[in-house]
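Student: What follows is each chain in one-letter form.
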Amino acid sequence: MDKVFLEAKSRIKNSSDRIFSCALSHGGDFADIYYESTERLFITMEDLEIKEVNRQLRTGASVRVIEGERVGFGSTEISTVESIEEIARIAARISQNNQKKEIGKFNLKQIQTPKYYSIKEDNTGIEEKCDLLKMLQESAFAADAGVKKVDSSLTLINKRVLIITSDGQFFEDDRPMISVRNQVIAESAGKREKGASGGGGRIGMSYLTADRAKQLGEKAASEALRLIKSADAPAGEFPVVLAPGDAGVLLHEAVGHGLEADFNRKKTSYYSDHIGDRVASELCTVIDDGTIKENRGSLNIDDEGTATGQTVLIENGILRGYMTDRLNSKLMNLPLTGNGRRQSFSHPPFPRMRITYLDGGYHKPEEIIKSVKKGIYADGFAGGQVDIMSGDFVFVTRGTYLIENGSLTSPLKGATIVGNGPEVLNKISMVGDDLEISDGKWSCGKEGQAVPVGVGTPTIKISAITVGGTGGKQ
Amino acid sequence: MESSDYRTLIDDVIKRAGRLGIKEIEATLAARKKTVVKARIDHIVGVESTTTRNLGIRIYRDGRFASSSTTDLSEKSIDRLLKSCYIDASVSEKDVANGMPEKNLLGAAEKEINIHDPKIAEPDLEQMKKAILAAEKAAFSYDERIINSEESAFSCSAAEIFFANSLDLRSEYRSTKATIYTRPVAEDNTNAENLQGKKQGDFWFSSARHLSNLLPPKEIGTEAARRTLQRVGSRQPGTEIVPVVFDPITASEMLGNILEAVSGTLVYRDASVLTDKIGSKIANDIIYVDDDPLIPSALGTRPFDGEGVLPKKLPVVEGGKLVNFLHNSFTAAKCSTSSTGHAGISLNGRPPVTCSNFRLRPGNTSPEKIISEIKNGVYVTSFSGKGFNATSGLFSQGAAGIRISNGKLTYPLSGFTLAGNILEILRGITAVGNDPLDALTPSSPTIKIKTMQLAGSGI
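The listed protein sequences derive, respectively, from chains A and B. If you use the numbering used here, the first sequence corresponds to residues 1 to 474, in order. If you use the numbering used here, the second sequence corresponds to residues 1 to 459, in order.
Source of the hints: derived by calculation from the structure; they are not laboratory data.
Taking lysine to aspartate or glutamate pairs in the EDC-like style, the calculated list, with each CA pair at most 20 Å apart, reads:
hint	chain 1	residue 1	chain 2	residue 2
1	B	Lys94	A	Glu128
2	A	Lys266	B	Glu150
3	A	Lys129	B	Glu93
4	B	Lys76	A	Glu39
5	B	Lys83	A	Glu39
6	B	Lys33	A	Glu82
7	B	Lys94	A	Glu127
8	B	Lys103	B	Glu24
9	B	Lys94	A	Glu49
10	B	Lys334	A	Asp47
11	A	Lys134	B	Asp95
12	B	Lys450	B	Glu240
13	A	Lys267	B	Glu187
Chain B stretches covered by chain A per the calculated footprint, using a threshold of three residues with CB under 8 Å from any CB of chain A:
hint	stretch
14	45 to 55
15	86 to 95
16	410 to 417
The C-beta atom is built at its ideal place from N, Cα and C for all residues, glycine as well.
All chains, full assembly: derive it from the sequences and hints.
Tutor: What follows is the structure, given as structure tokens:
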């Protein structure tokens, strides 16, 4: 794969002037070339047996032309210079000013940026990988006789990208990714429930140690077993305490999307035209960060070559900025934040999150739980969705407990919580000093493109939120 | 590359495998092309063209299985692919369910299924631009409260699928699909306590195998605007148990939940709430669901499945009785039955169980009539998120819609959840509309559920 990448790199670099002169043949403000070579290994295990091994190699290139708010885009899996020139001509069709831009001979300049991860050689053989999955599953089965079925998978991806811009800059990034997924079905007393666990990051096999494999197995088993013993969640309006880590996905969905620049430029976000305004309780500082070492959402550079950093979105309750890509930063006259991302070479980039979290506060987690007379505690969510226009969201909690008189009491089934993002931010009444970034397993979908992201939060208390209850009449 | 090159290439893959001593192999080559034109308000904002072309192989080696895919179609790469996949196959566990479908199931539909339109395969960009601008314009001119647009898009996709296996099967088909959608935005100033005027958005679309079967852009824009305005001034309902009517969009999503529960993937793992319900009555006599892969021009139509099986119409629910599950060859073998031809076209891994045209058969009652018989209830027009657990059967999902009072649609509702067990919901379907939505699969007409649990914080 190194060879494939290196050959393509020198071919594309040497012909970039030709490609750009096709891309900008009808006009256009800016163009870029993106080349990617991705290798993926996927192993699934079902009840201690390896079910399948799958390998993929995918390479390809795309050319994009930007003119004002218009974007022309072409992509191909045939990365010969002729084929890339052809997609450049397709992308050029977006231009309306019909003024060919003259492209002289390029002096490409490679731009170096700080590194938060790198691809390391993988010395573990396929048998060793399978053994680790087996260890994970054994620990799930060992957790309880009620554990009936375990499904697990391991995915390892090495993606190498090359970006060349029409202003003569060139960037490279080597992006590793491991992800482990595990699902358990447990049965007891005639009831059947599912539990799940997962993790990973921009790191190789060194993530999946024997200890971690065991933890992931036990975690899913204990969730399924706990659900069997769980009562239905109550319905009504209650204070909700969220555990540190995974629960940060609420911020990603309910607040993060509304702060992506494209929605604000189009004025379809709840937060349009509100920079400088108070949008959350003063306890809230929300950050989107690409620089956390080896996290699933980390990026050395985004998919337009912009170095990532820590982007403060909300500071002590005041809206400070949006997450931008090249197009929106230029049109909105806002700084480039390094949030221009894409799923692959066959997708155009637009603003996406990296690792989005609520910054730590000063309350002790115990003190937060103690402050609740009757409420709900949840350590995460089983997914959910938000309408970024209205800010309304619906989420189903996981790892849910009833809080009674300041202590966690009975475990509950997932509770559906219904609320409004901007309103919830104003109702965050306590923020713990225990910020935790989730062990990576989240992917974010927008306009049909999925990208890996990270989330995080300290323990937080939302003073009141509508809980729908689990509804089903058992 | 031309179609004939792909045909030669896939044949060559099987021959090379034979020379390497690989006895059981399936190969799929998919060449796809998609052109998208995007517009917003009154101008074109994007033109995108993507082509993809992948080769995927599946190897069975003494009951062990592995798969691999590549975008590099050189001879060297294909040899490498075959060799490494053959080695990977020795790693997996032996499973008697692993293998190709029985030879007598293989084939391709000869009937004229009419799923290719050259006008979509080679689209006219200027026409696409004109159409999508017309859809945007129609939304804005419908009502002055439509003040903005998220985006409208017109996409034309064409696919060429080539399939071959070591049982001497060579099959291929060409298909096309065009979709237009538009997403207008309305200002909603009805709730003054908010940070600023809320916005409301909704969408409408049309999707078809042939350009001539798409709804006119003007109609799409108008319907999108109507659905968007329908949300303005929404209130939250309280917690109540009421009759619920799902419009064809949300009813089709509900049918998608049923599809998940009748898929062999969950059934063989005993992970579906319907696993032990085969042969029993799960719904009223009026309920018929089938999956028909050979409906001419339909979106889910395919002449063969992802494993080269000749597909046939499959009844799933007949007069309320659950009669069949959907299987690929693996899940079928696990359940000691034969593939029903429901393997999806897949380049990586075991082909997933997918439906073709999975439809709830329309009844003869109009949606207006169904609504008119309800004193107090909810008409559901959209869901948020996905809240169905096919293992426990528990359904709990955020929704938005309109209050039904004395047989009439009155004011909009939002920010509530609907909950119940899928078994109860199925039994609760007491009316099926006469308004199928063929632009989707799974596809359902309007349905009425006798009662469901609604939860919200309103009064």
